[in-house]
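Asks: Chains as they are written, first to last, in our numbering: chain S, 14 to 374; chain X, 14 to 374.
Because the hints were derived from the structure by calculation, they are not lab data.
Identical copies look the same in the list; a pair holds intra-copy or inter-copy alike.
Straight-line distance between alpha carbons at most 25 Å, and here's what the computed SDA-like set of lysine to any residue pairs gives: (1) Lys207 with His127; (2) Lys141 with Asn128; (3) Lys207 with Ile163; (4) Lys207 with Gly243; (5) Lys207 with Pro182; (6) Lys141 with His127; (7) Lys346 with Ala256; (8) Lys207 with Asn128; (9) Lys207 with Glu166; (10) Lys207 with Thr271; (11) Lys141 with Pro113; (12) Lys141 with Leu286; (13) Lys207 with Pro358; (14) Lys207 with Gln270; (15) Lys71 with Ser61; (16) Lys141 with Phe81; (17) Lys293 with Ser361.
2 protein chains.
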Amino acid sequence: MIIGGDGYCGWATALHLSNKGYEVAIVDNLVRRLFDHQLGIDSLTPISSIQNRVRRWKSVTGKSIQLFIGDICDFEFLSEAFKSFEPDSAVHFGEQRSAPYSMIDRSRAVYTQHNNVIGTLNVLFAIKEFSQECHLVKLGTMGEYGTPNIDIEEGYITITHNGRTDTLPYPKQASSFYHLSKVHDSHNIAFTCKAWGIRATDLNQGVVYGVRTDETDMHEELCNRFDYDGVFGTALNRFCVQAVVGHPLTVYGKGGQTRGYLDIRDTVQCVELAIANPAKPGLGVQTISVPNPRVEAEEHYYNAKHTKLVELGLRPHLLSESLLDSLLNFAIKFKDRVDTAQIMPTVSWKKIGVKTRTVSV
Amino acid sequence: MIIGGDGYCGWATALHLSNKGYEVAIVDNLVRRLFDHQLGIDSLTPISSIQNRVRRWKSVTGKSIQLFIGDICDFEFLSEAFKSFEPDSAVHFGEQRSAPYSMIDRSRAVYTQHNNVIGTLNVLFAIKEFSQECHLVKLGTMGEYGTPNIDIEEGYITITHNGRTDTLPYPKQASSFYHLSKVHDSHNIAFTCKAWGIRATDLNQGVVYGVRTDETDMHEELCNRFDYDGVFGTALNRFCVQAVVGHPLTVYGKGGQTRGYLDIRDTVQCVELAIANPAKPGLGVQTISVPNPRVEAEEHYYNAKHTKLVELGLRPHLLSESLLDSLLNFAIKFKDRVDTAQIMPTVSWKKIGVKTRTVSV
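The following block holds chain S by itself, in its conformation from the complex:
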């Protein structure tokens, strides 16, 4: 079950797993498409409706993907989806995922935490009630850790203090209401692993980039989205679009920040590896990570460990090999669709308003 399977990471993952022979269902309320309408932005690449996407996938590959359209904050809907599909694994991408979006105004900050935290709570309760053996693969973020001045260990850290030692959750320093919502989720998930024996993998991934995966490449109607606006577009995407249309690259501050970037083909690999290697019941949540974060300091120490997925068999697509193939070529192809008014950042962490912003054209 891919919760949020109509979104950027979710769609690529749904197709990848379906292609690998998994029986896949997508659960999504399509609200990501509504955000585009409300903010007056659009994917650079044209994206088809979820209904057409699924029909096209069937016609190209012969494989079916089930579709449950609804909101996971509605527990009655989620319950019916779980009872109907009986998932062995639930991959949870069904969250508001933009830090700038969460910093637009109070109602969007509250929406982000309400939607993400309550949605994840409902997924945990649904697993407990309907599908105890179901393995939860939850997308966290490296941004949960901030940029501490010590190495970022994978989920936990062993601390010796005043002559005693314990292994404790790695301290969190998130820096947006979005990132904080993921911290809250991670704590809630870890608790239900301990209290209920839920099996969960909290995948803290860096910034994901790229459009092309083997599956989305099969037909233009399977194409994934390419966000380049100031709210949902991430740095690499925006730099590529800016380069193509002759816009200056919008580096924040001195540009001295270090972040980890992840090819979307590695996101789908990571999820597949996580599904194939569920935590043993009752041993608590396992967190594995691939580098990245998002924070304020312009220059800082940054050293995050990422050995576990490599040990599990991850073969990474390095940025040097794939930037042109999977990103810049798309920017070139759809150059005429660029709306330059979307390029400059419009949300400020300091100036976040308390009143709901309305979009005037």
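Start from chain S and add chain X according to the hints.
Replies: Okay, now just chain X, sitting in the frame of chain S:
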């Protein structure tokens, strides 16, 4: 402004500050009284309506307390209260505060996180919008830390790891949906201190006990509540009531757990000290603590530091001096009001249901 000023800690604090010459307003939706009705429980001590309490306080002392009845999750209501009262300090007790309550069922788990996290977000936004200089004093809990095998430092811990050093938020290991909601709040508050320069004191207190304060003692209509039921009653309260009615003491497991307990007269002292010593703007959240937590292990290491409030002038009421005076005597006085059906614990962390429990009589 005392948010949650009709509750146990809030009422004692409101009277104490009013008595000390502060201009006090209580903001409360009175939902704690509704929980009593819904669960079929009641305070051992008879408690008067908030309207009568405030009237009585005026007649006894000549001092006025303003009353704003409404829900802080309703931002429009909260905004009006802030604009009307213009607080210099906001003391925030306005949360669902029972761990067992949060573990009753899914809807109460979700209610607890929604109510506490969104309510606190709204308070932070209200301060930012209407009262930038207002100092937030927020009640956290020692239960945010769990029971790590190393000393619990006050809010932050300095970690040397692989030859590098940083001072980071102390790792959190909460063990109920209630305690987790406080962890979420602490993270959100710390973030707004950094991002907006909010001044906040996150008071992580242990289990509070006792009924009597100087002010509630002035008239029987000012009496504070005394919970002894399995949901809102804490251990000392329950033991006293059990001793009085000849009920066996209900020690959980081997009884080897260590917790810190705090006399309610010290809670009100701590809040007063916190108000008088606001954090300097822009220096980030300060956390000061008085010992206590709540967790699963029956025997464990427990060593929490609590020097800062003593440095600020706290004169603690030690348990050995005040148990009889402030707790057992009340249990004896109201012995006839004990409903023994309320005594045994009825909520299990393991057996938490997904369906809403209804109370049948």
